[in-house]
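Peer 1: Below are the chains, spelled out letter by letter.
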Amino acid sequence: MSIPQIDDKEITRELWQSRLPVRFILSDEDTTKVNRSESPEPLYLMLTRHIYFPCIVEKISRYYSNYFKGNLNDPTNNINLNNLWFEYESIPLKWHYPIGVLYDLYTSSLSTSSSHLPWQIIVHLSKFPESELIRFPDIECIESHYMTTLKEADALKHKGQIIGDMQKRDHKQLWNSLLQDKYEGFWNINMKLMAYTENLKYFRYIPFRIYILDKPFIQKLFSPYDVEHNKWLTLFDLLQYSLDHEVKCEKSSNEKKITNNNVEDYRVIIHGVEPPLNTPVQWLSEYFSHPDNFLHICLVENHTRR
Amino acid sequence: MEWKQKIYRQLQERNKQERDVYAEIVKHYNRLIENYSTLLIRCTDQERDILALRQENSDLQKNSVSLGSLPVNDKIRTLEHDYMKAKDEILTLLRERGDMTKEVISLSRIVKERDEKLYAEENKNQTLTKENTAVKQRLESAEDKLNALQRVNETIHDEFQALQLAYTQMEERQKESDATVAVLRREMTAKIEKKCDAYDQEVIAHDKKLEEDIKKKLDEARNDIMVTTQLKLSSSAVSFKSASMDGKIHLTPAIDSIKVIVPTKAIVKWDCGDNELHAIQFHPSGSLIASGGSDRKIHIWEFNSSNYHVQQVYTLAGNNSTVTAIDFDNENANLILGCSEDFACRVWGLTDQRLRHTLTGHGAKVFCAKFVTATLIASGSQDRTLKLWDLQNRQCVRTLFAGSKCHDLVAHDASGSLISGHFDKKIRFWDARNDSTKCELQLQAAVTSLSINREKQLLLACSRDDTLKLIELRENRVIQTYSHEDFKVASDTVKAVLSPDCKYACAGGSDGSVFIWNIATGKIERVLNKEHSTIINAVAWHPEGRFIASCEKQRRAIIWGE
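Sequences listed follow chains W and P, in order.
Heads up: the first sequence begins at 32 in this note's numbering, then just goes up one per residue.
Heads up: the second sequence begins at -10 in this note's numbering, then just goes up one per residue.
Be aware that one or more of the hints could be misleading.
Unchecked claim - Quick partial rundown of chain W residues pointing at chain P, CB under 10 Å, derived from the structure:
| no. | residue |
| --- | --- |
| 1 | Leu46 |
| 2 | Leu74 |
| 3 | Pro160 |
| 4 | Leu164 |
| 5 | Leu264 |
| 6 | Leu266 |
| 7 | Asp268 |
| 8 | Ile301 |
| 9 | Gly303 |
As the list claims (entries may be wrong) - In the EDC-like style, the derived pairs of lysine to aspartate or glutamate whose C-alpha atoms are separated by at most 16 Å in a straight line are:
| no. | chain 1 | residue 1 | chain 2 | residue 2 |
| --- | --- | --- | --- | --- |
| 10 | P | Lys354 | P | Asp331 |
| 11 | P | Lys477 | P | Asp500 |
| 12 | P | Lys(-5) | W | Asp201 |
| 13 | W | Lys125 | W | Glu161 |
| 14 | W | Lys182 | W | Asp201 |
| 15 | P | Lys(-5) | W | Glu72 |
| 16 | W | Lys90 | P | Glu23 |
| 17 | P | Lys16 | W | Glu72 |
| 18 | P | Lys(-5) | W | Glu305 |
| 19 | P | Lys354 | P | Glu330 |
| 20 | P | Lys414 | P | Asp481 |
| 21 | P | Lys519 | P | Asp500 |
| 22 | P | Lys(-5) | W | Asp38 |
| 23 | P | Lys(-5) | W | Glu45 |
| 24 | P | Lys445 | P | Asp402 |
| 25 | W | Lys125 | W | Asp38 |
| 26 | P | Lys5 | W | Glu161 |
Don't read these hints as lab results, they were simulated from the structure.
All C-beta atoms, glycine included, are put in the ideal place defined by N, C-alpha and C.
Extracted from the complex, chain P is given alone in its bound form (with noise of 0.2 Å):
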């Protein structure tokens, strides 16, 4: 390809020649003539100022010519002359000058005083018509003020004339029912002085009467008592008496008719209900006998007492747990409560078997409930209260806080007072009126039962030290104890009762034996056994005291005579 070599070379050679030599001399030629045509530009501006200076030189220096005409000397004191009179006339002018600004000075003086003035006697005058303005609204304030009290002061005046005339008339009234109140008053005394009268006359009568019966029945008792009751009697009577000294006069009739004799043997045996049996109790007559356990029910049996017969009358139901105790009332109504540990105690209607009450609102297992009236119920619980029930109002009037769970409890009187006794030991003697403990009796041992005398004067309490107590309620004091050595107390609730004449106590024992003690004694008087096989939980007396019922936990009951 040697063409190809050649031409390039001749190309090289070409540019050499024609662009090498010649391009660095255009360029610098290029850059000085674009210099000389820049310097030319200001050449020729400066060309032009400096004609323009020539042209002012000449024009000053034509004026400077024309001055050097006169002679020197004249125009000189020409000069001088005129330069005076200037001088003179500067100075006149000046002092004028001065003249003029004094008085300036003390007119513009003259002009700020007034201006104050005027300015001040324009504040006084606000100031003034402010005050005049305000003086006004007082006046009218004022104004408006009396008026108003005038008016008030009329409506004043007017009420006090009508009550001026009430007055006078309730003064009048007053007057008129003080006469009837003297009266009144006179003649209530005069009928309270009458009934006083009355009552007195009533009660020596009934004195009278008391002492002939009492004198009659002392007669008859003489005639047929026999030797060894009439020494027990008599021993009896004593501390009877003694116990008795001081007025309550409270015997009630029933006990001349009341015939105790202490049971020898069993009359009859049967089994009631179909579980364990928790409580027995005879009604007021005698002729019932109401039992109640684990079955839930309250069985009534009849009990004939000529031939020694128990038949089963009728069932009630309605608890729905364990019957714990059992109460009749004793005012004829004939009601029959149960307690049960369904936390509810019941009352039938014993005429219709009707459940007439429920009372509910114990928080755990009712263990024992009795009639303080027929209309008042007392009731005691595993929930450590006691609770007065209302059967008109069918309410719980009163919760009593014991503290301890009651075991049992026995109303004092018929206002509401109440003894219980308690798993702490205690027994709590509870007022009608306020709801704390009047007094409280400590025992050895957890009291399991309470059973009152008639008259209330003596408390028979069981307790878990295997002893009975008896306590004198004036005092509050155990006056004996009781105890056998085969005499346990196997639960919390095992009942001994008093004989309805108060001689003997009776008691079941853990074993099936039913202990009797002679009050007066404090020996145990009987000890009848081989009947039962079980835990004896609780016994009865018959109102008449010619039997004892007992139940065992094995549904045995027996009735204990001669």
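In isolation and in its complexed conformation, chain W is listed as follows (with noise of 0.2 Å):
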């Protein structure tokens, strides 16, 4: 039985055309202070995967500006959209993160049941957490935000030669592609940086952050191939190579400490789907980051030991 060879540019178009079914739904307390006879219904929204959540504050802040009289823009109201954050049952959702990402680690971490959708984001438009977020930025902040992290990555595995190389105009293409959900525009500049130099077969080292819940990510250096053994590394190496790591290193540091570093204790979700462990770790960075070229790794406890 012959398996029909799968195209590498297959599983890219499945990613980008990833969607999300989000409710919003306004927070009581602010609820109360509508001004219009019904209370406002529930938004659903689409939502790709791979952005962020200050491309869409736009749409949000316009739906709700209709219930309220008063200028949601004037700052000493108490109701403004400088107050705006989301909340995912009482944890407030960072903004940097991409949301397939928050999605993945919040929902198959917290609840048991296996359906999560649509994802219930309840949105709050005062008393803004100090503490634990920074107010929601423009647009151009999440660019300068993306563009960092992209050059991060790039000089991770190619010393930040080939995203030095590229024009500004390039960067912006890579950007608007983003924000306007264009697959050719953005994979045309983006095979440039799946590009291999220094006459290696693979990048220098992989782009990853690992996150776990309620600890901050890990981010370790790491090369998909091993030169002593002559062989191609997999995830499983990669997790296993991290969590030790981890572990030996907070040997120092008191708290958030990983104890488990077992990694068939966790369940491995890249994009919302679980790989399998045995698959290059090359290959992932080529065609299952985000288009940050970051792997973005959520790992969960498998609590469920069959």
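Work from the hints to combine the two standalone chains into their complex.
Peer 2: Quick look at the structure:
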């Protein structure tokens, strides 16, 4: 029985066409301040997994400004758009993570029921949690955050050569294709970033971040190819190495310790799916990264061990 | 690569669960929300409208309520009363209004009439003013004209007076000149009478002298004339007399001293020139012979009649082509005329051998030229014209268009009337006064030469039909024809001549013989042959009649004599 060869392009296309159904509900205390007779209906949106929340703040603020009489842009008003923040099950959502990552991290670990869709997010317009979040910025900040992440990834992969050689308009094209959901435009440029340098058949180091609930993300230097043993390293190797390294490092620090460094105790989720642990890391980095060229890996504790 | 497969399958699962199930629902939900919000807005607007309408309605109701307080009947009566009053008022007002409008109409009519009258008056006024100005202008112009006319009148009057004075003066002068004229006339008539008387006497004397001379000569002649010639002379004298019957007593004196002898033998033979000889001519004195030919020169030879010796005196050069004819002038001016084939005639002086004139103007070869007087030359040429040249002005004074090549011509009289013989077999007589032919005589063949006698009564024409014709000039008809069986005219320019006493005619033939005919009898007198070998082009009689000179084509010239 012959297995049909799957083109890498199909996988990237599927990734690009990911959508999450999200339900936005106005918080209770803000609902009482609503100016109209009826309370606002929940707002349903299909959001792309790999963009950030500030990209869709515009839509949300427009919708809710219908219901309030006063000027929501007025900073003196208690209820205003500057105080906009999202919450999921009492967790304030950080705006610099891709939406998909946030979803995978929180829904997979918090509830036990299988389906969490549509993802219900509560919109707050007041009582901004100063201690935990930075205020939602404007669109330029998001763009610069994205570019910084991209440059960091290229630095790990190619010592920053390729991103440095690219022109400003290519950077702009990447960001604009991301905003406007243009697959071709994005991957035209992104392909350059997936090239190899220094006569290597692989990246120097793999850009990845490992997210574990309630802990800061883990980022390590990891090469995809084992020169000594002459073999391609897999996802399992990466995770094992990272966890071990983390545990070793934390011997010195105090809080937020990772207790379990056994890979098999965790569920590995990237882009909402659990790839086989023997997948070559190089391939994952090339075709399975987020648009910012990072592999965002969520590790969720596997409670139900069967 | 099962990991790839697994990944792909998982992605598809995920998409199915996350996206596909909810996409449609969310879209429709959002649309419903939009519709709902628009409906809400419309609803609120309509509610507002309803409220406003309700408000109006309630207001209206409030108004209508206040009317229902008084009892109904009283109300109706008062209303009726008010109504009647109002109607009456309306009626009166309407009537007043009608009156007012009538007044208005009449007044407006009056106004219109007044306006019209005013307008008409204004028009009249304008026309009158225009007429006034026009009349004034006319008056002015009339006055100006009057002034001008008065001035003119004065000037004319002055002129008239001046002219009157002049006229009286002229009249007096005329009277005086009339008187002088009458006197002069009387004197002139007297002088003329005297002159006429003198002429008459001269003529009478001249006649007398002539008669005496004739008598003398006749006596002499009677004494020493030979028998045969006496016969001839008598016979020719008869014909002569008949010819000279009416009135022309123009016998040249030299006729008595001419003793024409028919030559018998060649006296002198010599070669002259280098080529053919075309013309030979005696000088009127008889001592010089001129010959001309293809060598373009005219050779002058001195002829000593005592020892029969010929020697060349000089040569006249200047022609550019063959010399066709030579003529000497007969008024003792010592000029020689030669015409040649270079379309020109030339006149030399004999004393100094200097070329005096060159007469150009013909368009072709000049065949013949003769002195009419010492200052008038006639020439005829191949260009079918005859030209008269005046030597004093050195110009051609007349050109006669003959219509045919002129081979020879003779001068009829000193005023310029000519006789010419032409290629078209005609002899033309030209008038001195106009340019047309007086008369034309038709012969049987082309005329090659003409020779006229001294009295200008007889003309000898040689023609190509090998005959010589004698023409009598008063009646312009042929009276005699001369021919001989050996006599052949060989070319268009063969010359035949009359003897100076007009008894004999001589011509050269084509075989080299010289033929001499007796004019009166018409028979051949003598044939001189055996000396020339070729065509004889020209012959000439010595002016005293004792010798004949002939020139042949082959350079030889011979003088024949006793």
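Peer 1: Of the hints given before, which are not true for this structure?
Peer 2: Hints 3, 4, 5, 7, 12, 15, 25, 26 not satisfied by this model.
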